[in-house]
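Turn these sequences into a full structure, and let the hints steer you where they fit.
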Amino acid sequence: MIDRRLFINFDWGFILLVLLIAGIGVVNISSATASYTMQDTSYAIKQIYWILIGLFIVVQVCSIDYHLFEDVAYWCFGILIFLLVVVLLLGKTSMGATRWLHLGFISFQPSELMKIVIIMVFASYLANFTSKEGLSLKDLVKPFILLGVPTILIMKQPDLGTATLVVLIAVSMVLYTGVRFRAIITILLAALPTVYLGWRYYLRDYQKERLLNFLSPERDPLGSGYHIIQSKIAVGSGGLIGKGFMQGTQTQLRFLPEQHTDFAFSVFSEEWGFLGCLVVLLLYFFLILWGLNIARRCNDQFGRLMAVGVSAMLFWHIVINIGMVIGLFPVVGVPLPLFSYGGTSMITSMVGLGILLNIRMRRFMF
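Note that the working numbering has the sequence shown beginning at 1, numbered continuously upward.
Since the hints were made in silico from the structure, they are not lab data.
Don't be surprised by glycine CBs; every beta carbon is placed ideally from N, CA and C.
Subject to a maximum C-alpha distance of 25 Å in a straight line, what follows is the list of computed BS3-like cross-link-like pairs (lysine-lysine):
1) K156 <-> K142
2) K132 <-> K142
3) K243 <-> K232
Label-pair restraints from in silico Cβ distances:
4) K156 <-> D71: 23 to 31 Å
5) F274 <-> L68: 43 to 51 Å
6) Y49 <-> P257: 22 to 30 Å
7) P257 <-> E133: 46 to 54 Å
Next up, the structure:
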């Protein structure tokens, strides 16, 4: 039975903000896919379906006391680790990467769900930490192990973007809790040889090329540098007010790759210009502030950490995706939350937003 407080304390303003961003995304997807073949023109309709499914999931997540997530966090972590191993053994390979688990009627990425589960696990662990001096190196051993296992499995798929996000989410939560200065220095010094070994023995050739072409896309303008070059042309050609809906030449002439997913913001930038981008960025800014305000007003540490984790997840998605399309970050395949096309990404975002609403709804109880 759904608690009646779901409706009494439901934050409708937050949901309207989410729907506004998602609605702009649907309009943008319809433009991005207008030049596709006839059988592919239903992306916008499919995105609407995913939004509706996401809203249903939001209601279901809100109907559960969020403290239950603390009880099941490690169980969910274990199940997802198992699924990540299954993906490597039996997963569906697409464009050289094995990230999808096919269940007959649906395919999904377990790595996407790990973003939510790592928030639950770290919130559960850090909520029991009480030292005012901050986390010591010894205190960080267990979190590093919990973070290292899924990160390595996701990197093996390979999926550098998702692995990076999982790490950034966890690190954000740890820094929010507090870390001793000596521990930070030790970790940074230890990271230097780790970065070298990762570059030398772990990263694949195409991943190295992406990082090198991030510094100089002109090294391979028709190959791995093509994405960045075309995206920057699209963003820059939008000018102050843009070229207008469905008038972007980079989009309609199909110069822009992955224009309805990873580079959806490039499409929007070309058509709506600087002013349109400013509006979307302000909407995202308010969304993040809303999440942090929920964390600030929460009365228990577990809920506060969960809200910080979800806000960090959204923040890093936004920063990395927009930084990627304007050439500030390497191309790592990170979607823009609620905006880029994709069912798994939409569901993950909606689960996170449902957690935020859940925490806000029950903040008075503790």
